[in-house]
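Chains as they are written, first to last, in this note's numbering: chain A, 1 to 350; chain B, 1 to 515; chain C, 1 to 354.
Among the hints, a few may not be true.
Listed below are the simulated BS3-like cross-link pairs for lysine-lysine, each with C-alpha atoms no more than 30 angstroms apart in a straight line [unchecked claim]:
id, chain 1, residue 1, chain 2, residue 2
1, B, K51, C, K340
2, B, K189, B, K178
3, A, K223, B, K178
4, B, K120, C, K123
5, C, K340, B, K111
6, A, K278, C, K217
Derived from the structure by calculation, the hints contain no laboratory data.
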Amino acid sequence: MDKLKTLARRKETLAVIALTMLLLFNVFFTPGFFSLELKEGHFYGSLIDVLKRGAPLMFMAIGMTFVIATGSTDISVGSVASIAGAVAAQMIGGDFSTAAGSAAASLTPLPIAIAAALAVATLCGVWNGFLVSRLGIQALIATLLQVAGRGIAQLITRGNVITMYYKPFFEFGTGYFLGFPICIYVVLAVALAAYLFSKKTSYGLFLESSGSNRSSSRYAGIKVQRMIWVAFAVSGLMAGIAGVLIASEVKAADANNAGLNYELDAILAVVLGGNSMKGGRFSLPGSLIGALLVQALTTTIYMKGVPAQTILVFKAVVVIVVGIIQTTDYGKLLAKFIKKRPAGVFEVEK
Amino acid sequence: MPKETALLQMNDIVKIYPGVRALNNVTFTLYRGEIHSLCGENGAGKSTLIKILTGAEIRDGGDIFLDGIPIFPKTPMDAQKSGISTVYQEINLCPNLSVAENIFIGRQPRKRIGGIDWKKMNRLAETAMARLNIRMDVASMLGEYSVAIQQMIAIARAVDMNSKVLVLDEPTSSLDAKEVRQLFFTMRKLRNAGMGIIFISHFIDQIYEITDRVTILRNGNYIDSQLTKDLPRMNLISKMIGKDIAADVLHKGSEAGAEKSVFYSAKRLGKRGVIAPLDIQIKYGEVLGFAGLLGCGRTETARLIFGIDRADEAEVEINGKRVKILSPADAIRSGIGFCPEDRKTDGIIANLTVRENIILALQGRYGMFRRIPFAKQVEIANHYIELLSIATPGCEQLAGNLSGGNQQKVILARWLTINPDLLLLDEPTRGIDVGAKTEIMNIVVRLAKEGKAILFISSELDEVVRCSDRVLVFRDRSLTGELTGELDARRIMETIAHAGGEAPARSPAEEGLYG
Amino acid sequence: MNPLEKPRMPGFVYRNITFVVAVLLFISFFGLGSVLFKNFFSLQVFCNLLIDNSYLLIAAIGSTMVVIIGGIDLSVGAVIAFCNMSMSYMLTIMKMPLIPAIVIVLLIGTLFGMLHGWLVTFKGFQPFIATLAGQFIARGACYIITVDTIFVDNPFIVKAAIFKIRFLGSFISVGAALAVLMIILFQIIAENTQFGRNIYAVGGNEQSANLMGLPVKRTKFLTYTTSGFLSAVASLVFMLYVLSATGTHGDGLHLDAVASAVIGGALTSGGVGLITGTLFGVLTQGTIRTMITFQGTLSSWWAKIATALLLLMFILIQRAIVTGRERSHVSRKVEAVDPKAVDPKLISEGNYAQ
């Protein structure tokens, strides 16, 4: 019984339950959701779709988890992803004509191109972190990068949608290994790395401490500013990985549409995963499950025939509802029903 | 004061918070044309009483009569409309608005067509300030002026709103001597015009200089109310602290003859407007106590030592070597730890477990990449849980769930893990039950015996007497005395009460200009 | 030399130095454009600035008010798009009469504003999360109406769209005239009504405003509501400008709106800002965009980047000034005076005749 209680109190529980319920719902009401086909050694089906399409979101959710743990938010992730995709495309080469960047060769060695894209994305994150931690300016600045970031991406692609032809690059987004999409393995690997980083170093502890109580952490000698900075840098890096993945999947860099509206999804994923927007304790597995939940929800809605645009509204409403639930002072509500609390051994508050 | 109907009469005021009776049938009487000081230490209830009067809190029992009419202020606006105005310590005005606007916001004079009449407002504002003998550009921004002048503007607002009662909450905390004199001049003027002024301050000298009557509260109870001139300083202090003048617990003097070496030494440690420069030495193996009334500068001194606030100048030596301590990180590196006064906001991290709270500072020293293995963390945590008798079901319990006393021990444990040479303890026993208090004091004495230097700040004279080898006495933001040898509460109180001497206030014209 | 001790400049200039900077900035850019490009320096080019940015002007008024009170509104562009889409749909597809359609659209914008106001004031939401959610709801709702583009063919609207108000050899559009009127109207509201002054007070120090008895919650709620309302008005003008509706309209407009406010002198920390300053913020951005158009070869994205850079620069400068002010902390001086010299009815010591 006690074990059940501790399990119930875990952050991830709500997300797991919700996901399970959603899957159950699909078992009964969405024909074809669970059908898996094996074609040419690859698995296909809605479930696989969820994993595949959810991969970029999962990356962003990882980064967003760190940022939200500090009590901030990063709404530049979509644009940073777009910038990363643009950088990769430029370096690999591609065009609307088949002239440049052939299927056989890339303008720059693939590892360097990807590394460059990730470096630029991380730089964006470092820049955000600098503004937030050193200058103390917040969401406003992330907004800045969000809009201007798309402009930067447009500049890199010179306003065109760059179609790429270099096959090895596509492996990332569309390739399969042992029947499952490669991107899943990458997600798991990166998620594991992030998890180990937060648990095996004391970064996780410092981050949770800084997010829970900035002042006390400073008194204890924690370099709070640095923790915030790192969180934003990681968020940038994750957005970069997501951006490269998106470009690889779509086989093009579309500065306007890449990563569009991902920020809301990422915030939603993190919040559904049990993380509080006030910051403090965080759960990476929770965010990943949250991301799966968001993606499964999206896929289910698509399969039901609801137009894609409605989902945007739906998700925004969920953010609002979850926010209201989180900020409602249950104590006050309860106090209206309960007349008097017995004077206990509480400490003097005032 | 002649026997007349009181301007303000508060009878049998009761206020209850969960688990504690903050005000227990308190009475307070304010007459017209009087400056009345409300005195009491922390937890005495004076801020609660004022909150009830000014509408920031709602009373649970009792009556309030203003000019004989019962009032029940539920919001700050209610209180203002009734005729009670407050000037808070933080000067709650808007620095981005003009002086005139601050005086008239919410009640600006209107033109016939409906918009705000700026010209009239500015004229009225000039008149309002002139009542206080001040001429200034009322169209300029409030933020351009010093705290002292902003206070005047807040008072002008109160007077202009025909307030009958003016509450001044710690008005002199940020003022220098000249500004205090000018404030007192204004206060006397208002008093002579019939206003009732409630003056809340912990500066004993000022209370004796400016007030006509004094009311003392202690632990939520009304203690006494007398004419200031009829109440000797010693009596006032002993009523506030609750100690009889008759001597009390004697201190078991420290091991005599043991010549201890100096760990920390500072010359001219001070900060303008915060604490007057002082020289201080803290030795290994000794408990140095800071005694004094609330707000006298003890915490401020500790903060300067720990580097949270920057001193104006200071020659600091650690073990004889010159060092610069400009931040907590510097202090920690030099071997100093600090348990802050406010456990909740500056000490305990409620979301984290006891284990995490304890090893936090130590982990901070190791850095991000050298993580203390989990097993070792548990070992360290359990070690201190046992050593300090922390009552917790385990080291994985959330720190926020612990009682105050145990939270304090956790913070102590946190600092002990990094083994500082000097430990600054600011009110470590506040809000803790008696049993835990004794435990903590024993720990303090034991640490000193093991060779650490301890700075012990407490408002409870008992505790200071019991733990300290030496006591520094503070009053009114400066160091006034040092006591060694046989310590007792009476000697300390005498040192606190030791009369100062201030010249009577002169008008601004005689003083010269403001500022 | 302490700037506070210099011989005092006219009060208006000193207090609103950021406004002066905004005006000078605009003049500089306009001057630069005139130097670089032929035919730039003309009244019509200036009027075109007003015409092309009329909707931004109106929306930026709302954003300025929200910034002054210490918040932010990210929904501006999306609400304009949704209102525009709704209006176009009602007029073109549903063939509704004009007046009811306008009323409905104004209502929609106001409702969005009320949603944001409610979430921020009564539910403790961070302004940017509340308005971000609003942005997505509006954007999604836009696409729900249709994913295609609607072309407006209502004859009255078309006439109003091309109507030229002529003066001094140039002309402005109906929308531009409305925008200028709104600026004047809201400048008056900000300076001369209690509501306006309360916004400044609450933005300056919310706790103080509360203790001084001001209606803090009501003021915050109404400010966001007004921003929503103004977005709706802006959408009307926008429709006159583009005569069409599509889901991607207004993308990123919230950046332009906030940038205009900040360039015009608003502090992101709240409490400071000027509606007329925002006018010059919009004009400055418009000038940059016009210069890019005149140049011909640069991508239009440069305008967005330039705006972002300007905004960043201003925020950094503001930070520097504020920290500088906090450090120097030299107080302005006052004089002693005999009360009777100011008002003969006052007596130096004693009662206070009014």
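The hints, checked one at a time:
With a C-alpha separation of about 37 angstroms, the suggested pair B/K51 and C/K340 falls outside the 30 angstroms cut-off, and the hint is violated. In summary, the hint linking B/K189 to B/K178 is supported, as the alpha carbons are separated by about 17 angstroms, within the 30 angstroms threshold. For a cut-off of 30 angstroms, the pair hint linking A/K223 to B/K178 is broken: about 41 angstroms separates their Cα positions. Proposed proximity of B/K120 and C/K123 is contradicted: the alpha carbons are some 40 angstroms apart, above 30 angstroms.
With a C-alpha separation of about 26 angstroms, the suggested pair C/K340 and B/K111 falls inside the 30 angstroms cut-off, and the hint holds. This hinted pair checks out: A/K278 and C/K217 have alpha carbons roughly 22 angstroms apart, not beyond 30 angstroms.
In this structure, the hints that do not hold are numbers 1, 3 and 4, in rising order.
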